[in-house]
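> Protein chains in written order, with my numbering: chain E, 1 to 188; chain P, 1001 to 1422.
Simulated from the structure, these hints should not be mistaken for laboratory data.
Incorrect hints may have been included.
[Said to hold, decoys possible] Quick list of in silico lysine to aspartate or glutamate cross-link-like pairs, EDC-like style, CA-CA up to 16 Å:
1) E/Lys120 - E/Glu105
2) P/Lys1411 - E/Glu10
3) E/Lys48 - P/Asp1073
4) P/Lys1013 - P/Glu1123
5) E/Lys151 - E/Asp64
6) P/Lys1204 - P/Asp1218
7) E/Lys31 - P/Glu1409
8) E/Lys40 - P/Asp1042
9) E/Lys169 - E/Glu108
10) E/Lys123 - E/Glu139
11) E/Lys151 - E/Glu69
12) E/Lys120 - E/Glu108
13) E/Lys151 - E/Asp65
14) E/Lys167 - E/Glu124
15) E/Lys100 - E/Glu139
16) E/Lys168 - E/Asp126
17) P/Lys1060 - E/Glu60
18) E/Lys16 - P/Glu1409
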Amino acid sequence: MPVVKVKRPELAAGEKVYLGAIVKGFFITMKHAFDSLRGKTRGADTLKSSGLGATMQFPEQRWDDQMPEYYRGAPTLVTDEQGRERCVSCQLCEFICPPKAIRIEPGEIPNDDAWAKVEKRPKEFDIDMTRCIYCGMCEEVCPEQAIFLRKDYLITGGSRAEMVHDKKKLYEIGGVRVGLVNKWNELK
Amino acid sequence: MELLIQLAIIAAKVIGLTFLIVLPLVPISVYFERRFSAIIQDRVGPNRVGIPLTLLGGKKDISFFGLVQPMADGLKLFLKEDFTPVHVRKAYFWLAPALVIVPSLITVCVVPFGSSIGFTGEEVKLVIADLDVGPLFVFAIASLSVYGITLAGWSSNSKYPFVGGVRSTAQMISYEIALGLSIIPVLLYYGDLNLSNIVEHQAKHGWLLLPLWGHDADHTLVSKLLFWIPAFIAFLIFTVSIFAETNRMPFDLPECETELVGGYHTEYSSMKFAMFFMGEYAAMVIGSAMIITLFLGGWSLGFGSDAFISGLAIGGFKIGGLIHLAIFMAKLVAFILFFILVRWTVPRFRYDQLMRLGWVIFFEAALINVFLAALVIAAPQLGTVITVVGAVLLVIVSAALLWVLRASEPKAAPNYGLLGSN
């Protein structure tokens, strides 16, 4: 292929003076300033702008309704429709967890319990949210579909102890999941 | 007793004008800087910090659009560890921040903030020191702040601050001349170096850049409009030089974050850093005040309304000066906003470009401008022939300078790209 020599563009006299370009620049920045004051910044609608620039102002405005189905928030424990805790404390999640955030202390279900057939449930179930990396492996590995990543993302605390979610807290966030595996339900 | 009253008035002026007007303008301009730049970049900026009523049991915080943010920043800087690295030269390291902030605050004393207040016959001018060498005093003192920067760069004993300090020196040398030369036309026009008198002249006969009122035999509209041309050139050079003098954005080479980490204040922390910061913004405030005073009418409202404002009085106590003070502050804030707009519009100059702009373009332009201004002022007395000869001379000199400028431009080697290396 023959070589094509491209000539560099020569600057016109007006461009060499530089002042015109500066004034042009002022117009551009001022246009941005006025646009963002009026809430007309480009992309302000799709980004759910607060009306000032393209920024959403967080605590008042949330992105929650825009979250995708697969969003991975805080890992939680769920109960089934009979109110039984799904977790049978097999500890698979504890062993798969890459940052070792999960700690389970298994406990036996007493014989007089309605779900005695299940045999085990966790006595303690702690997830250390300062360690959790929201990878979702616990959810993937769980044979009982007892642990799920919910869409909660505002995990805050004043101390390390507060950042450890215990069993009660995990069920509180997780709630009930209906109609998954029903292998312990003899009626079905 | 007389002496005591005089001293009390001076003390009141120093405290009032420096600590109640100029120093508060520093955090305010920092706030404006952050909010305005945010708006330019389609962001929000600091809009949360306010009075935390919820801590005191209230229902809601008051945020005031984040106006308390600079105070929070200042408090943070106060409470930070004041760390002095072991490798610095301590005495100079401690001296440098003071050398930056003190000159900026000293120059406050010649700026006329308003006309005068007080009872008739016992009026007090709203200027700390009514010096007859106003602009010269400002230049003399303001250029001292470069010593602070250079000293900070050298005493830090570390390479980036050192480069910043050296750059600051070279930048000052390139700009100080243009700065001084650019206002010679203005001083020729006023025939006075007292800033209060200059502002009063502008209040009576029209601002230098807006000469639309107060015409009389000595100050005809034609002569004023003719002088508008050299005045505007002077304004342009002076403003750009003030940008360089205050290390503002297109010329903030001593502290450019992208290449020098933080420039001359890299090794500083806590309040010592804050003093550099304050000095820089105080210099910006004073620079804007100088531009307003010389070119934009200082405290005057214009259009012949200043005599009326000066005459306003409540029960014999003249309050016109306070209104003029408010007008001055409004102009000052507007000009600071302009400074900020420039900072977020114009990219930083390269080092050689800055030197070239200072030495090759502004120096010559300012010199020619002095000639032009003198010609415009003297034309009525000189008669037609001499004026025309002068104008022709001016054109020849300008053309010669332009030719030299072109001839001295280094020839760029033709760029063959990769082919050149074959």
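> Under the constraints set out in the numbered hints, which ones does this structure not fulfil?
3, 7, 9 and 10
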